[in-house]
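So the sequence lines, in the order shown, correspond to chains B and R.
Quick note: to get my numbering, add 5 to the position in the first sequence (first position is 1).
Quick note: to get my numbering, add 1 to the position in the second sequence (first position is 1).
Simulated from the structure, these hints should not be mistaken for laboratory data.
The reader is advised that the hints may include incorrect statements.
[What the hints assert, rightly or not] Partial list, derived from the structure: chain B residues whose beta carbon lies under 7 Å from chain R:
1. Val36
2. Pro48
3. Leu50
4. Phe52
5. Gly87
6. Gly89
7. Ala91
8. Ala92
9. Leu95
10. Ile108
[What the hints assert, rightly or not] Subject to a maximum C-alpha distance of 25 Å in a straight line, what follows is the list of computed BS3-like cross-link-like pairs (lysine-lysine):
11. B/Lys49 / R/Lys4
12. B/Lys43 / R/Lys4
13. R/Lys70 / R/Lys53
14. B/Lys49 / B/Lys22
15. R/Lys4 / R/Lys70
16. R/Lys4 / R/Lys53
Glycine included, every Cβ here is placed at the ideal spot set by N, Cα and C.
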Amino acid sequence: DAMVIQNPRYQVTQFGKPVTLSCSQTLNHNVMYWYQQKSSQAPKLLFHYYDKDFNNEADTPDNFQSRRPNTSFCFLDIRSPGLGDAAMYLCATSGAGGLTKNIQYFGAGTRLSVL
Amino acid sequence: DAKTTQPPSMDCAEGRAANLPCNHSTISGNEYVYWYRQIHSQGPQYIIHGLKNNETNEMASLIITEDRKSSTLILPHATLRDTAVYYCIVRVAQRTVLTFGGGTRLMVKP
Numbered sequence: 006d007a008m009v010i011q012n013p014r015y016q017v018t019q020f021g022k023p024v025t026l027s028c029s030q031t032l033n034h035n036v037m038y039w040y041q042q043k044s045s046q047a048p049k050l051l052f053h054y055y056d057k058d059f060n061n062e063a064d065t066p067d068n069f070q071s072r073r074p075n076t077s078f079c080f081l082d083i084r085s086p087g088l089g090d091a092a093m094y095l096c097a098t099s100g101a102g103g104l105t106k107n108i109q110y111f112g113a114g115t116r117l118s119v120l
Numbered sequence: 002d003a004k005t006t007q008p009p010s011m012d013c014a015e016g017r018a019a020n021l022p023c024n025h026s027t028i029s030g031n032e033y034v035y036w037y038r039q040i041h042s043q044g045p046q047y048i049i050h051g052l053k054n055n056e057t058n059e060m061a062s063l064i065i066t067e068d069r070k071s072s073t074l075i076l077p078h079a080t081l082r083d084t085a086v087y088y089c090i091v092r093v094a095q096r097t098v099l100t101f102g103g104g105t106r107l108m109v110k111p
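Take these sequences, add in the hints, and give me the full structure.
Encoded structure:
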């Protein structure tokens, strides 16, 4: 029973062509996160939503944007992908109550290739 | 959040206990220790967390030293499916975000 679903699993785009990655959740969690993970590196947080409040990490490039139209869905938009944006993009969620709020549940990721 | 140090890689024989160390010598009193793992081509998976007492669940045990400056994740009977990168993360309970460090690549061998 997948709880955090990312589509597609593999995405190929062209240099400079906008691309959108999607994430949905069935956990009704308040917080949704987007991470970028390059080959052989640890996941790096790009931004997160606490309900509708958007929180951008200081070093996240402007090329990366996000939308959260409702509790269940969150999108990652890359406006003009460069070769350096090829990576695994991970979506995660967490609840907002007590210590369990800090347990993040991850999707399987979308592997983005830029040609 | 406090910084953590983990060995980059470890091997373990199948069926034996895997003991993964983590150093967090600058941990503060209100910071918890969390462990996640990431199997190849999958998203990270939560394993366990603790503050100062030892913790056990169906996946693993977490042993935290009395001074809280280090901890050990124990997989009691490692299987080939436990081959993964294991991340030790220290964070204040109220903080929402996780900061992943280098992790330990555990290879379980037959």
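Cross-check of the supplied hints:
Here the hint on valine 36 of chain B is kept, as its CB sits about 6 Å from the closest CB of chain R, short of 7 Å. For proline 48 of chain B, the shortest C-beta to C-beta distance to chain R is roughly 5 Å, which falls under 7 Å, so the interface hint holds. This hint holds: leucine 50 of chain B has a C-beta 6 Å from the nearest C-beta of chain R, less than the 7 Å allowed. Evaluation of the phenylalanine 52 of chain B hint against chain R yields a violated restraint, the C-beta minimum of about 10 Å exceeding 7 Å.
A least Cβ separation of about 23 Å between glycine 87 of chain B and chain R goes past the 7 Å threshold, and the interface hint is therefore violated. This hint is violated: glycine 89 of chain B has a C-beta 19 Å from the nearest C-beta of chain R, more than the 7 Å allowed. The restraint placing alanine 91 of chain B at the interface with chain R is violated, with a minimum CB-CB distance near 15 Å, outside the 7 Å limit. The closest approach between the C-beta of alanine 92 of chain B and any C-beta of chain R is roughly 13 Å, which is over the 7 Å cut-off, so the hint fails.
With 7 Å as the threshold, the beta carbon of leucine 95 of chain B comes within range of chain R, its nearest partner Cβ sitting at about 5 Å, so the hint holds. Among the interface hints, the one on isoleucine 108 of chain B holds; its C-beta lies about 5 Å from the nearest C-beta in chain R, closer than the 7 Å criterion. Only pairs whose Cα atoms come within 25 Å are accepted, and lysine 49 of chain B paired with lysine 4 of chain R is accepted, the gap being roughly 15 Å. Proposed proximity of lysine 43 of chain B and lysine 4 of chain R is supported: the alpha carbons are some 21 Å apart, at most 25 Å.
Between lysine 70 of chain R and lysine 53 of chain R the alpha-carbon distance is near 10 Å, which keeps this suggested pair within the 25 Å criterion. The hinted pair formed by lysine 49 of chain B and lysine 22 of chain B meets the criterion: a straight-line CA distance of about 23 Å does not exceed 25 Å. A hinted pair counts as satisfied when its Cα atoms are at most 25 Å apart, and lysine 4 of chain R with lysine 70 of chain R qualifies at roughly 11 Å. Note on lysine 4 of chain R and lysine 53 of chain R: the hinted pairing holds, with a Cα-Cα distance of about 17 Å set against a maximum of 25 Å.
In summary, the numbered hints that this structure violates are 4, 5, 6, 7 and 8.
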